[in-house]
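Asks: Here are the chains, one letter per residue:
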Amino acid sequence: MSSSMSWLERVYNMRRPIYFLLIILCVIPLVFPIKTPVGISPETRAVYNVIEKLPADSVVALDIGVDVAMWSDMEPAVVAALEHIVVRKSIKLVAVSFYPDGPILIERAFAAVDMKNKKYGVDYVNLGYLVGGETAIAAFAKDIRAVLRSDFRGTSISDLPIMKAVNNAKDFSLYIYVIQADPATQIRQISVPYGVRMIGLTTAFARPYCMPYLLAGQISGIVTGLRGGAEYEYLVGLYRFGLQSTTTMSIVYIATVLMVILGNVLYVWLRRKK
Amino acid sequence: MDSTQLFGQFTLWLLTLMVFSILVKENRLYRFAEHTYVALAIGHTLNMGLDTLRRNVVSPMVAGKILLVIPVAVGLLMYARLYRKYDWLARFPISLLVGVSTGVAVTGAVYGQLLSQLASTMRISLSPTLDGANSILILIFVISGLVYFTFSREHTGPLSIPSQIGRYVLLAAFGAQFAGSIALRLGVFLSVVKMLVEFPLKILGVIP
Amino acid sequence: MSYFQKVMLPRIIFTIASALVILAYFTNIPDLRAISSELTSWGVVIATVAVAIGTFSLLRVHWDKVSKRSKGYSYSAWTIFVMLATIVIGQAFGLNSPAYGFIFNYWYGPLYSAVYCLIAAYSLSAAYRGFRIKNVASVVLTLAFLLIMLNEAPVVGISWPIFGPLATWINRVPLASGMRVVLIGGAIGLLALVVRIMSGREKTPLGIGGET
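Protein chains in written order, with numbering that gives the first Met the number 0: chain W, 0 to 273; chain V, 0 to 207; chain G, 0 to 211.
The set of hints was computed from the structure by calculation and includes no laboratory data.
Remember, it's a predicted structure, so these values are computed and weren't measured experimentally.
Among these hints, one or two may not hold up.
Stated by the list, open to error - A short, non-exhaustive set of chain G residues, derived as facing chain W with CB atoms under 7 Å: (1) 32; (2) 120; (3) 148; (4) 151.
Note that the Cβ used here is the ideal one computed from N, Cα and C, for glycine as well.
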């Protein structure tokens, strides 16, 4: 009796086995690769539809607001969006970032897409990083040329054909914000003052912050995290890291739920025994 | 994979293993990797800042925008913080910067956050549908949450029920938020573990 | 004069700068808007010029450790070396160069991801230990967590279609309401903070501390 109690107490108090269990759960789908389907959420469908309905002469802004640590979570959604906007719809895209990691991540995203006959500077551009947080966003939205003289690759803004008709936030038909935590600054400085339509490619952490704006109509749709990236890849017809991870995501998230239930079952069991 | 990529992948794999070694026990390898990360992060942030400085401040000044020398001079005062005797000089650029950024934030917050969110909350529908019921629930939940956050009166009498409802609404929001936080980190975790497992298997030729 | 220079003058600068930007937004005076626009551009330049301050502070902390041979000084020496090497490579070869790309893609990015995702393991352990159903509040917290977590799993939404609409309801009603309260409270708090700084009750955001 006492050895089974101490065994249960050991399970109840375990710490390191949880870490190794998590690693093993991530490895299982690599050993037994099974494809699992993914349902499309209404929010992801809304993002897809907004982009599908963009007129051919639109210019879209892409604002990378995540650090490199979260890039593996967001890359599927960003790459799918680039494929959809620049390649499939042939819509011009202006990328910018107010985070230090942003410009290099934008270059990585461009490199991950087969741009076919699309030309840098004509069909898409990376304007680089602006220091200053919300002040920089406000200044950028008001007059791009007042705060930016050249793109990330060193070309003067006036020499970039794509920037000929883009002077401020009003010239964007759509503003795509890759959201790490909170979309408030972009909503406050771009979407509301200039009436620019906004969609979010958000981390799972940022989704709660986006929901009030989604309900108020200030954001038209969101693609959330790795799962959202998988959904968007499916809609665009890509099979990349997002869709490849659906099985691992399922295993790990269900395991998290089972761990919480197990913890409670053991808690009640051990309390009754005492 | 060429030799540079191979070297890069190998050092990446090794450094990641060093970081993960803390899951076993605190050790010197983890501390080495952690210090390397901090150094790289600071170096990278400075590199991006200097690049922006060169492109958007120095080049325009050289090209003739002389007036930029005023904010540059004000910005340089910020470095007075590093010297205790003169650190009060840094208050001027800080005050200007904080003043401008709070002014910018307030103007955006009034319409973008306060008024639009209040308007959306009060947009209720009395139709006997799920959307109608949800709109009324949202109104009740938001008012209850705001009552819960009011600390200038005790939550007794007529305030007790709304404050309790508000508390549960906020708890539901935080539970969902914590789920999102874990989902984000688990997503990154599985990509890191995938790399840790796949690299040695690729080197050994087990997988292409 | 000293108190005026060190405390009152920063407060006056803050008040004028924030008032100009706020008034320019809510009025239709072109000159005011032009000044506010110029101030905002200046704010970006000031922030850009001040970008190195964090680096100098950190360098000083680690240099002190190395020069005094404090505990762990070898790690500080390594930190200084890597920091300077990264800066030199970035400035000498450019941020678009293969050399800097190597550092970003093979060292900085993966290290950041590894350190960041460690918290996943700790969070899982915390969830296993922390979510205890003891009262109504903990039931609400735990249920919300479990339902959202389950809905994140792609196979669950496909296998049990009830989870999709349930999770959507939780996201759009209680979650959105709770976050809306936080947003509204945050906006009111920001307005209150501006008034407090202008009236002198709050000095810390201006870098002032200690003086009365």
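Asks: Does each hint hold? Answer for all of them.
Replies: Structure-based check of all given hints:
1. Nearest Cβ of chain W to the Cβ of residue 32 of chain G: about 10 Å, over the 7 Å cut. The hint is violated.
2. For residue 120 of chain G, the interface hint holds, the least distance from its beta-carbon to any beta-carbon of chain W being 4 Å, beneath 7 Å.
3. The beta carbon of residue 148 of chain G is positioned within 7 Å of a beta carbon in chain W (closest approach about 5 Å), and the interface hint is therefore held.
4. A least Cβ separation of about 5 Å between residue 151 of chain G and chain W falls short of the 7 Å threshold, and the interface hint therefore holds.
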